[in-house]
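With the hints as extra help, turn the sequences into a complete structure.
Which chain is which? The protein sequence lines are A and B, in order.
Counting in our numbering, the first sequence runs from 2 upward without gaps.
Counting in our numbering, the second sequence runs from 61 upward without gaps.
Simulated from the structure, these hints should not be mistaken for lab results.
Idealized CB from N, CA, C, for every residue including glycine.
Treat the hints loosely; a few may be bogus.
Claimed, not checked - Derived CB-CB ranges, DEER-like:
id	chain 1	residue 1	chain 2	residue 2	range
1	A	230	B	300	42 to 52 Å
2	B	274	A	168	33 to 43 Å
3	B	360	A	101	49 to 59 Å
4	A	44	B	358	36 to 46 Å
5	B	206	A	236	23 to 33 Å
6	B	282	A	173	51 to 61 Å
7	A	233	B	360	51 to 61 Å
8	A	125	B	282	37 to 47 Å
9	B	183	A	8	40 to 50 Å
10	B	377	A	157	54 to 64 Å
11	B	196	A	44	24 to 34 Å
12	B	232	A	209	43 to 53 Å
Claimed, not checked - Far from chain B, by Cβ distances over 12 Å, these chain A residues were calculated:
id	residue
13	27
14	213
15	233
To be verified - Listed next, the stretches of chain B that the computed footprint assigns to chain A, with coverage defined by at least 3 CB atoms under 8 Å from CB atoms of chain A:
id	region
16	289–295
17	309–322
18	339–351
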Amino acid sequence: MQARPLNIYPLSEQSVVLSFGDEVSEDILKQISAYHRTLQQNPFAGYTDAVAAYTTLTVFYDALQVLLSDLPGADAFEKVSNYLMALAVKPAVAVKPANIITIPVFYGDDFGPDLEALATFHQLSVEEVISIHTRPEYIVYMIGFVPGFAYLGGLDGRLETPRLATPRPVIPAGSVGIAGKQTGVYPLETPGGWQLIGRTPLKMFGAGRAQPSLLQAGDKVKFAPISKDDFNQLSKAD
Amino acid sequence: MQIEIIKPGMLSTVQDLGRTQSRGNAVPVSGAMDTLSARVANLALGNEQTAAVIEFTYADAIFKAQTDLLIAWSGDGAILQSDGQMLPADRPLLIPQGKTIKLINNPTGCRTYLAVAGGWNVPEVLGSKSTYITAGFGGLEGRAFRKGDVLQTFGNQSETNVKFCDTLTGAKINYPRWSIARPLFLPADRKLIRVMPGPEADWFDADAIASFYSAPYRVGSRSNRMGIGLEGEKVKRKIQTELLSTAVTPGTIQVTNNNDMILLMADCQTTGGYPRIAQVAAVDLPLCAQLKPGDEIRFQQITRQEAERLLVQRERELRRLNQDLLDF
Numbered sequence: 002m003q004a005r006p007l008n009i010y011p012l013s014e015q016s017v018v019l020s021f022g023d024e025v026s027e028d029i030l031k032q033i034s035a036y037h038r039t040l041q042q043n044p045f046a047g048y049t050d051a052v053a054a055y056t057t058l059t060v061f062y063d064a065l066q067v068l069l070s071d072l073p074g075a076d077a078f079e080k081v082s083n084y085l086m087a088l089a090v091k092p093a094v095a096v097k098p099a100n101i102i103t104i105p106v107f108y109g110d111d112f113g114p115d116l117e118a119l120a121t122f123h124q125l126s127v128e129e130v131i132s133i134h135t136r137p138e139y140i141v142y143m144i145g146f147v148p149g150f151a152y153l154g155g156l157d158g159r160l161e162t163p164r165l166a167t168p169r170p171v172i173p174a175g176s177v178g179i180a181g182k183q184t185g186v187y188p189l190e191t192p193g194g195w196q197l198i199g200r201t202p203l204k205m206f207g208a209g210r211a212q213p214s215l216l217q218a219g220d221k222v223k224f225a226p227i228s229k230d231d232f233n234q235l236s237k238a239d
Numbered sequence: 061m062q063i064e065i066i067k068p069g070m071l072s073t074v075q076d077l078g079r080t081q082s083r084g085n086a087v088p089v090s091g092a093m094d095t096l097s098a099r100v101a102n103l104a105l106g107n108e109q110t111a112a113v114i115e116f117t118y119a120d121a122i123f124k125a126q127t128d129l130l131i132a133w134s135g136d137g138a139i140l141q142s143d144g145q146m147l148p149a150d151r152p153l154l155i156p157q158g159k160t161i162k163l164i165n166n167p168t169g170c171r172t173y174l175a176v177a178g179g180w181n182v183p184e185v186l187g188s189k190s191t192y193i194t195a196g197f198g199g200l201e202g203r204a205f206r207k208g209d210v211l212q213t214f215g216n217q218s219e220t221n222v223k224f225c226d227t228l229t230g231a232k233i234n235y236p237r238w239s240i241a242r243p244l245f246l247p248a249d250r251k252l253i254r255v256m257p258g259p260e261a262d263w264f265d266a267d268a269i270a271s272f273y274s275a276p277y278r279v280g281s282r283s284n285r286m287g288i289g290l291e292g293e294k295v296k297r298k299i300q301t302e303l304l305s306t307a308v309t310p311g312t313i314q315v316t317n318n319n320d321m322i323l324l325m326a327d328c329q330t331t332g333g334y335p336r337i338a339q340v341a342a343v344d345l346p347l348c349a350q351l352k353p354g355d356e357i358r359f360q361q362i363t364r365q366e367a368e369r370l371l372v373q374r375e376r377e378l379r380r381l382n383q384d385l386l387d388f
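Right under this line is the structure:
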């Protein structure tokens with residue numbers, strides 16, 4: 002598998018964007034993940050952080066530390082660019098198997114206030130919506146928006162639904178929603194316009210955890226329906 | 061050293077230089093909005109520049125020294141005063157136990173930073189003490205201050221902290237004659253913000269770009285630690301493609317689908333799906349942190365090379381200043 006950035010350009014004087022293509026695809030996701038892991042294992046002097054997105058990996062650095070390094074280049078941007086464009090991705094790193102994470106969801110009721118209207122909109126029964134939503138193995142393309150929020154790919158076209166006309170001022174943490182071609186879980190209480198179909202008792206983000214975000218880019222996700230009793234049990238356990 | 065918050069003010073939080081290693085989990089950087097003032101306040105005491113400070117928004121806050129305090133303050137949101145006595149900025153101040161300190165209005169800016177010898181003691185979360193209110197972590201219980209909150213120092217005083225404490229003793233508020241010349245770090249025209257072209261600058265037509273670099277923009281009332289809304293001449297796009305969500309960073313200027321402009325600040329999200337027309341030079345972000353609703357600014361285009369050169373120059377000056385104070 003090729004994991005070569007096609008292009009590199011500055012975002013700021015302390016960050017550069019590596020571009021791997023211009024479409025959402027699992028192949029590009031794998032290239033970015035492999036490159037990201039290789040970089041984390043082989044950081045350059047001054048590397049601080051990286052953000053993986055659909056087609057880009059943005060690399061943040063401390064310009065002063067980079068300048069002090071012996072990387073070739075006239076300034077920090079050139080030094081970092083030269084290093085990143087030459088970074089060889091090891092095949093062994095690239096073939097990391099995906100984690101498969103099951104997210105238990107209680108569908109409907111107060112936890113999924115839009116479930117019935119969404120079913121009516123698509124001329125499906127509530128059971129059919131749940132069954133269609135729980136069937137696919139979704140893939141995490143990126144983490145963004147708020148801490149731990151996963152952009153999932155793989156929603157069945159039959160569930161594509163526009164956002165609410167008026168966003169809700171408060172959406173509880175754990176809410177599972179649909180917006181356009183996207184589905185996902187709100188990790189924190191925020192405002193939002195997604196159609197809410199259920200809620201998970203899992204904590205999607207925990208600042209004190211070794212891995213704060215439950216999901217990472219490249220992970221596979223399944224939703225599994227649970228009863229209210231299960232929800233309450235699992236809420237206590239977390 | 062310990063203070064009690066008598067009046068919390070509009071938005072007072074603990075901040076440091078931010079959470080720079082969790083962006084991959086979509087955790088915002090946070091940290092002081094005006095990092096220059098936060099660093100100057102720490103430097104003036106002989107603290108590490110990364111020590112936790114208090115960020116006050118505007119004036120109207122009051123705190124009480126529950127012990128003798130060695131503090132320094134910097135920034136433009138307020139002026140510190142005790143018993144009618146103005147406390148000068150950008151230098152160490154010894155405040156005897158029992159004194160009450162008020163933040164009174166300073167029309168120049170928006171945010172003020174209070175450093176204390178050793179730094180404010182709050183738990184570190186994901187490598188930083190910065191408060192991120194949206195997720196409720198960092199700082200003091202992940203929230204803004206309330207009346208009656210008590211803040212203590214970290215305890216680990218530097219040699220310079222101790223030296224200042226020893227030389228400034230007494231029953232009255234005491235301070236040296238020198239101060240850090242913070243204005244020397246600031247450009248003469250503080251309403252001219254230097255920016256470099258953003259990755260999607262070519263998504264806008266030439267007229268839009270020309271007007272972006274000539275028209276004044278007004279700071280909107282919907283401005284906060286996440287971002288500053290900019291009002292004024294709208295910039296038209298020539299490419300209507302949707303941008304696939306990608307990384308943004310404090311200083312990124314996004315143009316929304318309504319052609320509104322948002323200048324992202326410390327608590328901004330880590331990714332966004334709006335085209336990035338420009339990026340504020342890191343050295344000028346502290347100026348943006350002091351902008352108030354209604355302020356008018358203009359943008360001046362500089363190259364990426366120039367932005368990097370200015371950043372490196374600023375960092376070297378701050379390092380030299382730090383060294384001078386350690387040798388003091």
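Going through the hints against the structure:
One distance hint, 42 to 52 Å for the beta-carbon pair residue 230 of chain A and residue 300 of chain B, holds here, with the actual separation near 50 Å. Distance hint check for residue 274 of chain B and residue 168 of chain A: the Cβ-Cβ separation is about 35 Å, which falls inside the suggested range of 33 to 43 Å. Evaluation of the 49 to 59 Å hint for residue 360 of chain B and residue 101 of chain A yields a pass: the beta carbon distance comes to about 51 Å. Between residue 44 of chain A and residue 358 of chain B the beta carbon distance is about 38 Å. The supplied range of 36 to 46 Å therefore holds.
Between residue 206 of chain B and residue 236 of chain A, the C-beta spacing of about 28 Å keeps the proposed range 23 to 33 Å intact. Under the hint 51 to 61 Å, the C-beta atoms of residue 282 of chain B and residue 173 of chain A, about 24 Å apart, miss the expected range. Here the CB-CB span from residue 233 of chain A to residue 360 of chain B is close to 58 Å, well matched to the stated 51 to 61 Å. Checked against the hint of 37 to 47 Å, the C-beta distance between residue 125 of chain A and residue 282 of chain B comes to roughly 39 Å, which is consistent with it.
Between residue 183 of chain B and residue 8 of chain A, the C-beta spacing of about 41 Å keeps the proposed range 40 to 50 Å intact. Judged by the Cβ atoms, the range 54 to 64 Å given for residue 377 of chain B and residue 157 of chain A holds: they are separated by roughly 58 Å. Here the CB-CB span from residue 196 of chain B to residue 44 of chain A is close to 31 Å, well matched to the stated 24 to 34 Å. A hinted range of 43 to 53 Å for the beta carbons of residue 232 of chain B and residue 209 of chain A is consistent with their spacing of about 44 Å.
For residue 27 of chain A, the non-interface assignment is confirmed: its Cβ lies about 15 Å from the closest Cβ of chain B, beyond the 12 Å cut-off. Not every CB of chain B is more than 12 Å from the CB of residue 213 of chain A (nearest about 5 Å), against its label as outside the interface. Listed as a non-interface residue, residue 233 of chain A keeps its Cβ farther than 12 Å from every Cβ of chain B; the least gap is roughly 23 Å. Look at the region 289–295 of chain B against chain A: 0 of its residues bring a Cβ nearer than 8 Å to a Cβ of that chain, fewer than three, so the hint is violated.
For a cut-off of 8 Å, the count of residues in the region 309–322 of chain B with a CB near a CB of chain A stands at 3, and the three-residue condition holds. Check on the region 339–351 of chain B: 3 of its residues sit with their Cβ under 8 Å from a Cβ of chain A, so the three-residue criterion for coverage holds.
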